[in-house]
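*Asks:* We have chain A; now place chain B onto it with these hints.
Chains as they are written, first to last, in this note's numbering: chain A, -2 to 180; chain B, 16 to 265.
Derived by calculation from the structure, the hints in this document are not laboratory data. Each residue gets a CB set at the ideal place from its N, CA and C atoms; glycine is no exception. Hints are supplied without guarantee of correctness; some may be wrong.
The list that follows gives simulated cross-link-like pairs (lysine-lysine, DSBU-like), each with its CA atoms no further than 35 Å apart [said to hold, decoys possible]: (1) B:Lys30 - A:Lys57; (2) A:Lys8 - B:Lys141; (3) B:Lys26 - A:Lys156; (4) A:Lys140 - B:Lys19.
Using C-beta positions, here's what the derived DEER-type ranges look like [what the hints assert, rightly or not]: (5) B:Glu137 - A:Glu124: 27 to 33 Å; (6) B:Ser219 - A:Lys(-1): 56 to 62 Å; (7) B:Ser165 - A:Leu152: 41 to 47 Å.
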Amino acid sequence: MKELEIVQQIKNGDVQAFHDLYDLYFEYAMRVATVVMNHQSSNAKDAVQETFIRVYQNIKGYDTSRPFKPWFYRILINECHRILKRNGKIISVGEGFNKAEQDELAYEGINQFIEHEDLYKAIESLEHHHRVPIVLKYLNGFKEQEIAEILDENLNTIKSRLYKGKQKLKGLLKNEKEGSQDG
Amino acid sequence: MDEKNFEKEVKEALKNKTNHYLDGKDEVWRNIESRLNLKEKSPKRQKTTKSKGRFVGIAITAAVLVVLLGFATVTTTGQAFVERLKQYFEPEKNVVTEIEGHPEEQEVILHERADYVIYIDEERYKMIHEGDKDIVTTKEPLEERYPEVSMTISQVIDKTPEQLAKEYSEELKTSFATVKEIETVTEPVNGILVSAIDGSEWDSPVNKIYLVSNGNEGSFVFDLKYFLEAAEGHGARFYHMLEEFQIVQK
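Just chain A, same shape as in the assembly (with noise of 0.2 Å):
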């Protein structure tokens, strides 16, 4: 079923078929709530459920013309910073992380998770209004404008955050491998 479908059967009240859009929307959802609460498992999954319960309850007003995802994403970014804001650290980098990584190296393929590790950290080094247009453009594919209208920001400014994240991005990696070279 096509996602327009899906939502214009919960418009009418169909149970069943916010159940498939949860299924679709869960796991890219969660992706970027952990990213964005800096791996605070819980607090991301309050996210996302508050988020789903905010779908169900205002899709009436969803206007159907316009693209569903971004309205989904803006809903899901909106509660991540409310329950950041909340817990008062919305600019706290890699909390929880340690846990989850040794987790993660214990439970799966080690190899895998060091290929990405320099990246990943840098990722999660990035000031909090670069690192969300990143997770937003690389791991959801939305487009540059979709971004503006999730963030409520003006397009040359997500724009600028793109390109100054990337250059971040690529600098900190530079700087860590000459950093290994040197040790």
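*Replies:* What follows is chain B alone, placed relative to chain A:
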């Protein structure tokens, strides 16, 4: 690393490092299902009004709270448990209410007090705390020509709603032209209502006092003040706020 490769690597890194966090899908769905009362939403029930749907949801939440709070009171971590329970209430939500004959969508914000939670339409109202009382009043002060508009929430720990109803009724008779018979109500709250009006002009003061048992020996008191012309505006909005009131026992 070229641009295309770089983008691919970023995506792979993001996916690879978030794989570990994808468990809990069923748990999150169960929470959503419970919060939205989805199991109850058979095709027949979908035809009920939004207000009633919300009422069913609240009733079930309240029932869950009663059971869970019973447990909380016998554990040493009861207070922490209550704090966690409060998280089941959405911090903000949209409700549709009928104001002056028209549906009106409002974003309401959760206010957590030590012993209760309530949702306030913060676009129009604010909650202030004065001693043991919480007062919901208009965000912008009204002009002097308007009588007071407020809803004061307080708790009297040693008097039942029945006892207080008699006292308030007598008290109102000293300053209001008409004091209605004390009545038992089930909406917006389960409790007792004492209501009074002083005249039939547009600005005649109205006082409605809802009394709800606090689950022990005492009562919650909701003292609504507005004026006749505002009955379907402020009066209706206070009414809808009261619909969302929940006791959170210590």
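*Asks:* Could you run down the list of hints and mark each one as holding or not?
*Replies:* Hints and how they fare:
1. B:Lys30 - A:Lys57: holds (32 Å)
2. A:Lys8 - B:Lys141: Answer holds: Lys8 of chain A to Lys141 of chain B is near 33 Å, not above 35 Å.
3. B:Lys26 - A:Lys156: holds (18 Å)
4. A:Lys140 - B:Lys19: holds (16 Å)
5. B:Glu137 - A:Glu124: 27 to 33 Å: holds (30 Å)
6. B:Ser219 - A:Lys(-1): 56 to 62 Å: holds (58 Å)
7. B:Ser165 - A:Leu152: 41 to 47 Å: Given range 41 to 47 Å: holds, Cβ gap about 46 Å.
Hint check: no violations occur; every hint is consistent with the structure.
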